[in-house]
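Asks: Residue-level listing of the chains:
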Amino acid sequence: MIRVEGLTKSFGANPVLRGVDLDVPKGSVTIIIGRSGGGKSVFLKHLIGLLRPDSGKIFVDDVDITRLSGRALEPVRRRYGVVFQNGALFDSQTCYDNVAFPLRETRRMSQSEIHRRVDAALGQVELSGVGPKYPAEISGGMRKRVAIARALVSEPEIIFFDEPTTGLDPILVNTIHRLIQTLHRTFRFTAVMVSHEIPEIFEIADRVAMLYEGRIVEAGPPAAIQGSTNPVVRKFITGEPD
Amino acid sequence: MTEGVAPALRTFEALGRRTIDVVEALGRFGAFLGVALGLLFSPPFKWRACVSRIHYVGFNSLLIILLTGTFTGMVLGLQLYLTLQRFGAEAYLGPAVALSIIRELGPVLSALMVTGRAGSALTAEIGIMRITEQIDALTVMALNPMRYLAVPSLLAGLITFPMMTAVFDTVGIFGGYLVGVQLLGLSQGTYFGEMKTFVDMRDIMTGFWKSLSFGVIVTWVATYKGFHVGHGAEGVARATTQSVVLASVLILVWDYFLGSVLP
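For the protein sequence lines, the chains are F and S, in the order given. Each residue of the first sequence is one higher than the one before, starting from 20 at the first, in the working numbering. Each residue of the second sequence is one higher than the one before, starting from 6 at the first, in the working numbering.
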């Protein structure tokens with residue numbers, strides 16, 4: 020579904036991506052792991068079209084999105100849902116309005132249909148009662164779940180998660196992971212997640228890819244990554260200090 | 006780059022690089038306004054956001070406009086009365102106050118006041134949306150953030166600045182009346198009668214065009230700086246300061262330019 024070929028990106032004299040190659044099969048949960056500051060979020064921003072690469076290609080169903088910009092990217096983005104690292108909820112709107120926002124702005128839907136879908140989305144993330152509250156009035160874990168509901172409400176084909184569990188306690192980390200797993204089973208979307216929650220991610224991933232020094236050094240099923248003999252991968256998953 | 010350049014030429018290289026940066030920034034600044042003006046005339050229009058911005062930029066600035074307008078008129082009334090009295094020309098206090106306020110002080114001071122109150126807040130609000138990825142969230146929903154954030158602000162500036170200038174002018178002339186007529190004893194008929202003789206529609210239109218263009222300048226600078234904010238809280242603080250300083254300087258420069266070309 021998504022194919023990345025030779026993606027490179029530098030910021031000034033600092034190369035961040037040095038030729039990333041990756042395949043994301045349709046309907047899979049692909050998790051990109053790697054050290055902090057290793058370019059995972061930069062890579063994700065290329066996949067969602069927020070950054071343009073210096074070279075390389077990103078195919079979404081055979082459409083090279085690196086050649087598209089502005090309005091030409093909109094049909095691709097309508098197939099996307101994105102959960103940002105800190106939720107990126109609109110702080111001037113209630114949680115209900117945040118979830119309803121993509122439907123109101125991008126779909127022609129009756130108010131009753133919007134209401135039904137927002138209620139369903141909030142129910143799926145187990146936050147039925149928080150609709151009238153503002154993002155500042157709820158906890159960090161609840162904000163992440165509202166962000167997941169917002170990404171989910173348009174029923175996208177592909178959902179990107181940028182470190183959805185950062186800053187949460189271990190119980191909430193597992194809650195969010197289990198929620199993503201359940202939603203994936205229900206809606207069968209393709210998920211691309213950036214995370215460094217080791218070993219929890221091995222339970223929900225179909226594929227894991229390790230980004231190191233701007234390249235994917237190993238990619239495969241969780242068992243293959245866990246059994247990898249690559250010293251870089253081993254060091255990361257065992258958490259050995261430098 | 007610098008390694009291959011002779012030491013004597015490094016200053017010129019740095020100067021050249023700085024010049025290119027400035028020209029690029031000016032290009033981005035101009036293009037930003039071009040895009041916003043283009044979207045202003047192309048649907049879908051975000052009416053609810055526009056009304057909210059009009060309330061934010063205009064209605065919420067009303068109190069400060071009333072206060073500064075009244076006291077500016079009072080100061081003008083006092084100082085001009087004392088000056089005109091030296092020439093025995095205190096009868097012209099009304100037109101002197103009215104012309105100063107309608108042509109110059111009304112549009113300029115109300116724009117500076119709104120820059121300090123609403124312009125800085127606009128930059129901070131959009132800047133925070135930028136650093137918390139709310140603007141990216143709009144983009145990935147296939148929505149144009151310019152349409153939601155810049156265009157309603159620009160439209161609010163175009164609508165509210167002339168209205169606030171009109172309010173400033175009215176209360177300013179009333180402030181001059183309070184001092185000149187009520188305090189210093191000039192007759193009411195003289196104050197307003199001479200005003201009708203000397204102030205014509207061209208003066209009012211000069212003030213109107215100024216306020217309209219200041220509305221564009223303030224919202225353009227405020228939204229541009231918000232969209233191009235640096236990193237973190239420090240980036241937002243810096244952008245807010247730059248927004249107020251740049252908008253204030255542009256208002257004064259543009260005021261001189263318009264003052265010299267408008268009749």
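Take the hints with a grain of salt, since some may be wrong.
Calculated lysine-lysine pairs in the BS3-like style (CA-CA distance at most 30 Å, straight line) [said to hold, decoys possible]:
| hint | chain 1 | residue 1 | chain 2 | residue 2 |
| --- | --- | --- | --- | --- |
| 1 | F | K152 | S | K201 |
| 2 | F | K64 | F | K76 |
| 3 | S | K51 | F | K64 |
| 4 | F | K254 | F | K64 |
| 5 | F | K64 | F | K45 |
| 6 | F | K45 | F | K76 |
Restraint-style ranges between C-beta atoms, simulated for each label pair [unchecked claim]:
| hint | chain 1 | residue 1 | chain 2 | residue 2 | range |
| --- | --- | --- | --- | --- | --- |
| 7 | S | S57 | F | P94 | 24 to 34 Å |
| 8 | F | D110 | S | F64 | 20 to 30 Å |
| 9 | F | Q200 | S | F34 | 21 to 31 Å |
| 10 | S | L67 | F | F78 | 20 to 30 Å |
| 11 | F | F30 | S | R15 | 53 to 63 Å |
Just so you know, the hints here were simulated from the structure itself, not pulled from any lab data. Here a beta-carbon is modelled for each residue, glycine too, at the ideal position from N, C-alpha and C.
Asks: If a hint holds in the structure, say so; if it does not, say that too.
Replies: Hints and how they fare:
For the hint pairing K152 of chain F with K201 of chain S, the CA-to-CA distance comes to about 56 Å; that exceeds 30 Å, so the pair is violated. Only pairs whose Cα atoms come within 30 Å are accepted, and K64 of chain F paired with K76 of chain F is accepted, the gap being roughly 14 Å. For the suggested pair K51 of chain S and K64 of chain F, the alpha carbons sit about 27 Å apart, so the restraint of at most 30 Å is met. A threshold of 30 Å between alpha carbons decides the hint, and for K254 of chain F with K64 of chain F the separation of about 26 Å falls inside it, so the pair holds.
Simply put, K64 of chain F and K45 of chain F have alpha-carbon atoms about 19 Å apart, close enough for the 30 Å limit, and the pair holds. Simply put, K45 of chain F and K76 of chain F have alpha-carbon atoms about 18 Å apart, close enough for the 30 Å limit, and the pair holds. The hinted window of 24 to 34 Å between S57 of chain S and P94 of chain F holds, with their beta carbons roughly 30 Å apart. For the pair D110 of chain F and F64 of chain S, the supplied restraint of 20 to 30 Å holds, since their beta-carbon distance comes to about 22 Å.
Between Q200 of chain F and F34 of chain S the CB atoms are about 47 Å apart, so this pair departs from the stated range of 21 to 31 Å. At roughly 55 Å, the beta-carbon separation of L67 of chain S and F78 of chain F lies outside the given 20 to 30 Å, and the hint is violated. The beta-carbon spacing between F30 of chain F and R15 of chain S, approximately 24 Å, falls outside the hinted interval of 53 to 63 Å.
Hint compliance for this structure: hints 1, 9, 10 and 11 are not met, and every other hint is.
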